[in-house]
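Asks: Here is what each chain is made of, one letter per residue.
2 protein chains.
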Amino acid sequence: MSNIPYKIYLEENELPKDWYNVRADMKKKPAPILNPATLKPVTVDELSHIFCHELALQELNDTDAYIPIPDEIREFYKMYRPSPLVRAYFLEKKLGTPAHIYYKFEGNNTSGSHKLNSAIAQAYYAKKQGLKGVTTETGAGQWGTALSMACAYFDLACHVYMVKVSYEQKPFRREVMRTFGASVTPSPSMDTEIGRKINAEFPGTNGSLGCAISEAVEAATSKEGYRYVLGSVLSQVLLHQSVIGLETKAALDKYGIKADTIIGCAGGGSNLGGLISPFVGEMLRGEADYDIIAVEPASCPSLTRGKYAYDFCDTGKVCPLAKMYTLGSGFMPSANHAGGLRYHGMSSVVSELYDQGLLSARAVEQTSVFEAAEMFSRVEGILPAPESSHAIRVAIDEALKCKETGEEKNIVFGLTGTGYFDMVAYQKFNDGDMSDYIPSDAELEKSLSQLPQV
Amino acid sequence: MSNIPYKIYLEENELPKDWYNVRADMKKKPAPILNPATLKPVTVDELSHIFCHELALQELNDTDAYIPIPDEIREFYKMYRPSPLVRAYFLEKKLGTPAHIYYKFEGNNTSGSHKLNSAIAQAYYAKKQGLKGVTTETGAGQWGTALSMACAYFDLACHVYMVKVSYEQKPFRREVMRTFGASVTPSPSMDTEIGRKINAEFPGTNGSLGCAISEAVEAATSKEGYRYVLGSVLSQVLLHQSVIGLETKAALDKYGIKADTIIGCAGGGSNLGGLISPFVGEMLRGEADYDIIAVEPASCPSLTRGKYAYDFCDTGKVCPLAKMYTLGSGFMPSANHAGGLRYHGMSSVVSELYDQGLLSARAVEQTSVFEAAEMFSRVEGILPAPESSHAIRVAIDEALKCKETGEEKNIVFGLTGTGYFDMVAYQKFNDGDMSDYIPSDAELEKSLSQLPQV
Numbered sequence: 001m002s003n004i005p006y007k008i009y010l011e012e013n014e015l016p017k018d019w020y021n022v023r024a025d026m027k028k029k030p031a032p033i034l035n036p037a038t039l040k041p042v043t044v045d046e047l048s049h050i051f052c053h054e055l056a057l058q059e060l061n062d063t064d065a066y067i068p069i070p071d072e073i074r075e076f077y078k079m080y081r082p083s084p085l086v087r088a089y090f091l092e093k094k095l096g097t098p099a100h101i102y103y104k105f106e107g108n109n110t111s112g113s114h115k116l117n118s119a120i121a122q123a124y125y126a127k128k129q130g131l132k133g134v135t136t137e138t139g140a141g142q143w144g145t146a147l148s149m150a151c152a153y154f155d156l157a158c159h160v161y162m163v164k165v166s167y168e169q170k171p172f173r174r175e176v177m178r179t180f181g182a183s184v185t186p187s188p189s190m191d192t193e194i195g196r197k198i199n200a201e202f203p204g205t206n207g208s209l210g211c212a213i214s215e216a217v218e219a220a221t222s223k224e225g226y227r228y229v230l231g232s233v234l235s236q237v238l239l240h241q242s243v244i245g246l247e248t249k250a251a252l253d254k255y256g257i258k259a260d261t262i263i264g265c266a267g268g269g270s271n272l273g274g275l276i277s278p279f280v281g282e283m284l285r286g287e288a289d290y291d292i293i294a295v296e297p298a299s300c301p302s303l304t305r306g307k308y309a310y311d312f313c314d315t316g317k318v319c320p321l322a323k324m325y326t327l328g329s330g331f332m333p334s335a336n337h338a339g340g341l342r343y344h345g346m347s348s349v350v351s352e353l354y355d356q357g358l359l360s361a362r363a364v365e366q367t368s369v370f371e372a373a374e375m376f377s378r379v380e381g382i383l384p385a386p387e388s389s390h391a392i393r394v395a396i397d398e399a400l401k402c403k404e405t406g407e408e409k410n411i412v413f414g415l416t417g418t419g420y421f422d423m424v425a426y427q428k429f430n431d432g433d434m435s436d437y438i439p440s441d442a443e444l445e446k447s448l449s450q451l452p453q454v
Numbered sequence: 001m002s003n004i005p006y007k008i009y010l011e012e013n014e015l016p017k018d019w020y021n022v023r024a025d026m027k028k029k030p031a032p033i034l035n036p037a038t039l040k041p042v043t044v045d046e047l048s049h050i051f052c053h054e055l056a057l058q059e060l061n062d063t064d065a066y067i068p069i070p071d072e073i074r075e076f077y078k079m080y081r082p083s084p085l086v087r088a089y090f091l092e093k094k095l096g097t098p099a100h101i102y103y104k105f106e107g108n109n110t111s112g113s114h115k116l117n118s119a120i121a122q123a124y125y126a127k128k129q130g131l132k133g134v135t136t137e138t139g140a141g142q143w144g145t146a147l148s149m150a151c152a153y154f155d156l157a158c159h160v161y162m163v164k165v166s167y168e169q170k171p172f173r174r175e176v177m178r179t180f181g182a183s184v185t186p187s188p189s190m191d192t193e194i195g196r197k198i199n200a201e202f203p204g205t206n207g208s209l210g211c212a213i214s215e216a217v218e219a220a221t222s223k224e225g226y227r228y229v230l231g232s233v234l235s236q237v238l239l240h241q242s243v244i245g246l247e248t249k250a251a252l253d254k255y256g257i258k259a260d261t262i263i264g265c266a267g268g269g270s271n272l273g274g275l276i277s278p279f280v281g282e283m284l285r286g287e288a289d290y291d292i293i294a295v296e297p298a299s300c301p302s303l304t305r306g307k308y309a310y311d312f313c314d315t316g317k318v319c320p321l322a323k324m325y326t327l328g329s330g331f332m333p334s335a336n337h338a339g340g341l342r343y344h345g346m347s348s349v350v351s352e353l354y355d356q357g358l359l360s361a362r363a364v365e366q367t368s369v370f371e372a373a374e375m376f377s378r379v380e381g382i383l384p385a386p387e388s389s390h391a392i393r394v395a396i397d398e399a400l401k402c403k404e405t406g407e408e409k410n411i412v413f414g415l416t417g418t419g420y421f422d423m424v425a426y427q428k429f430n431d432g433d434m435s436d437y438i439p440s441d442a443e444l445e446k447s448l449s450q451l452p453q454v
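If you're matching them up, the sequences are chains A and B in order. Residue numbering for the first sequence follows this note's numbering, beginning at 1 and increasing consecutively. Residue numbering for the second sequence follows this note's numbering, beginning at 1 and increasing consecutively.
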């Protein structure tokens, strides 16, 4: 056994002092987000009606590579950061692979996932601006939980629109949010204009992140002293999540480890973008090269089967247009799929990096994801979230390739969270009742045919 | 702010090499456990019919203060140990107390609690003895989850009898155990003689740990190649759990901190015993003094309202007799109580230490426990298990006393686990539907009147 510990913990004073903004190092920037009314790039002023002013500035910042993390946020980070980078000795042994596998574990906080990294930042700026509260959507419930926790910390009101299928499958998530003082509404609801419209158009719909976003934006913009906050997709979120990648890189550097392959699951792209951005930065600056793999569900394959085009970020079409890999904002992911990652689009930053060939993408089916999750839990002692398990699946696949070739690759993946609230899905898997769903070409063509003309 | 970090992590090489056996340092030993048939002290041979041989030896070991932790177990420990000792800066600030509060957090593994410390040891010895599998009971589900995980690691069969009320309130716990390959039966079941008898005597019973123990022992002793394992109460379990206290002491010593008050929740006594034993050892050897507080639920108050007498460890009266603080093995804890800690008795070691005045005890009501849990979760970012929250309640109370007196006490408590599977209870609390239950004197007199005559 080598001298690398099972868990690499950075010291508290090694916690990053700045977030890293990969956009600054991109020669070709992501396409600007557009005002849906004018089809012109949105301005900070326009964005400030939806987001806190400081976050609107961050959203459009293409120039500053490093943005200082405010002291109040760094103090909160110390509650659960630096998070451990774990050497997966047990998994390596189980697989009999010569590869060295590492995972950055972000589930070591009550919200159970990496979402807290951005939630606390967004709550901080809302508080600083003197707002009363924020609204948001949540899919699997991780973001809502994280935001509830962050709002409790800064004493802000928090109203969460929760995708109906998750609301029903994960009643306990709702209780965690309520424990932190948030109010939670299943989406689509009858509380908003857009919710009523979607309910009328798709009776009995299970909802989607796209719908819930529309409702939350409507609720925020129609109430005094409220703003909308989002847990993924946006550049500001990737910026906050860069703390994952910065710590990962610092921990690897500390032990002189050079990553070969970096793997992350990708729904809206926040975890992936945060994990990879410092590494991509090196690639962009010509300092290093990495094999970066985004893993998405075969049931919602925006990178591998979507189109790179301007689209709405939400089903209700109230948000700005973003250029991204998308399945069309009308795409309704199958309720069959157990985990999160149920979003029709993909972060503009991740999309542009993918388009520039800086990362590859792979779609995996959920039964194989849960097989990987089960194996991982039994040997590594962490019950992973279904979302995170997409990355585990591909990490295992890559490690098994190394077994064939004999390569001692350093494989690093992001373990974004725990699966304690996903036991309905695990039960389906345990009972042999889980099936896979892959949208047909016709289904994708249909939703893609409705892309806006820009 | 002082130079003490938010989380004190020991290095991997600071993981204890030996467990500490407090019995060796006790001048007056706990009374021997008795064979219920002969009323004579049980022998290693007799115990070896129920337990693995090595564990039977540990159970009766009154002489060796340090017992080496086998390498295989230490390797597994590295999956999640050393666990962090957290300085509760956020809680201190919230309370405005001059006290310094520390908690040893044992929830940072998939089983979600300290139970894994003994589960992996017991599974190891079962494997070493060449057994096929083990049986056990579980109450809140923490022990069953931990044991399932440990058995998966050593490829042992695992059959869990789960207290019916928990089985129903915590369906997801069952799925975690199944994910680790265990089989789970609600107790009392119709699978065992004792289960059928208890069901006939108490139709519609919610079960209790005492019933489930009887069933698991019957199942183990009637199958070839099986032994019974227990998650609390026993001296062997306290021995394994001493790793908590040893790490806590090492972490405190590292920063030159002398604990004043040490607080742990007490059901069967495994966490409390493990946390306090190295400190009690110092007290026994006259090297230091501490104020040690055991916290139990007012609904199941074995230390504060029980009798120190020989009693059966299980409802079915198949286990050896132990001298302990007990409410009587026929005591059926109210289903009203949300958490674990539903055991009629208390570890012999903890009972004897309590009787010798080395620790005090306090009973707390569950609504006040959940109030503490809610406050703690909001500021410290960990959703605590109801069991652990008993210790939080008293830690907060003690810190508030310091606020009045101005004392800068060092308060250390054990945070045994997370509450992710306790959201039914949290929901009750959130909805204002939680009530307290305190058994009447008559109820206790009745169950205590049935103590065995020894």
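Please note that a few of the clues may not be correct.
[Claimed, not checked] Derived DSS-like pairs: lysine-lysine, alpha-carbon spacing no greater than 30 Å straight-line:
{"hint": "1", "chain 1": "B", "residue 1": "K27", "chain 2": "A", "residue 2": "K401"}
{"hint": "2", "chain 1": "B", "residue 1": "K78", "chain 2": "A", "residue 2": "K258"}
{"hint": "3", "chain 1": "A", "residue 1": "K78", "chain 2": "A", "residue 2": "K128"}
{"hint": "4", "chain 1": "A", "residue 1": "K27", "chain 2": "A", "residue 2": "K323"}
{"hint": "5", "chain 1": "B", "residue 1": "K27", "chain 2": "B", "residue 2": "K17"}
{"hint": "6", "chain 1": "B", "residue 1": "K17", "chain 2": "B", "residue 2": "K132"}
{"hint": "7", "chain 1": "B", "residue 1": "K93", "chain 2": "A", "residue 2": "K93"}
{"hint": "8", "chain 1": "A", "residue 1": "K94", "chain 2": "B", "residue 2": "K93"}
{"hint": "9", "chain 1": "B", "residue 1": "K93", "chain 2": "A", "residue 2": "K127"}
{"hint": "10", "chain 1": "A", "residue 1": "K258", "chain 2": "A", "residue 2": "K7"}
{"hint": "11", "chain 1": "B", "residue 1": "K78", "chain 2": "B", "residue 2": "K323"}
{"hint": "12", "chain 1": "A", "residue 1": "K78", "chain 2": "B", "residue 2": "K128"}
{"hint": "13", "chain 1": "B", "residue 1": "K254", "chain 2": "A", "residue 2": "K93"}
{"hint": "14", "chain 1": "A", "residue 1": "K27", "chain 2": "A", "residue 2": "K17"}
{"hint": "15", "chain 1": "B", "residue 1": "K94", "chain 2": "A", "residue 2": "K127"}
{"hint": "16", "chain 1": "B", "residue 1": "K94", "chain 2": "B", "residue 2": "K401"}
{"hint": "17", "chain 1": "A", "residue 1": "K94", "chain 2": "B", "residue 2": "K132"}
{"hint": "18", "chain 1": "A", "residue 1": "K7", "chain 2": "B", "residue 2": "K78"}
{"hint": "19", "chain 1": "A", "residue 1": "K132", "chain 2": "B", "residue 2": "K94"}
{"hint": "20", "chain 1": "B", "residue 1": "K17", "chain 2": "B", "residue 2": "K128"}
[Stated by the list, open to error] Here are some chain A residues the structure puts well away from chain B; computed CB gaps all over 10 Å:
{"hint": "21", "residue": "K7"}
{"hint": "22", "residue": "A152"}
{"hint": "23", "residue": "A157"}
{"hint": "24", "residue": "R178"}
{"hint": "25", "residue": "T221"}
{"hint": "26", "residue": "Y255"}
{"hint": "27", "residue": "L358"}
{"hint": "28", "residue": "S377"}
{"hint": "29", "residue": "G381"}
Worth flagging that the hints you see were computed from the coordinates, not collected in a lab. Predicted, not measured: the structure shown is a model, and the values here were computed from it. Cβ coordinates follow ideal geometry from the N, Cα and C atoms, glycine included.
Asks: State the violated hints by number, sorted upward, taking the hints as numbered earlier in the document.
Replies: 1, 7, 8, 11, 12, 13, 21, 22, 24, 28 and 29
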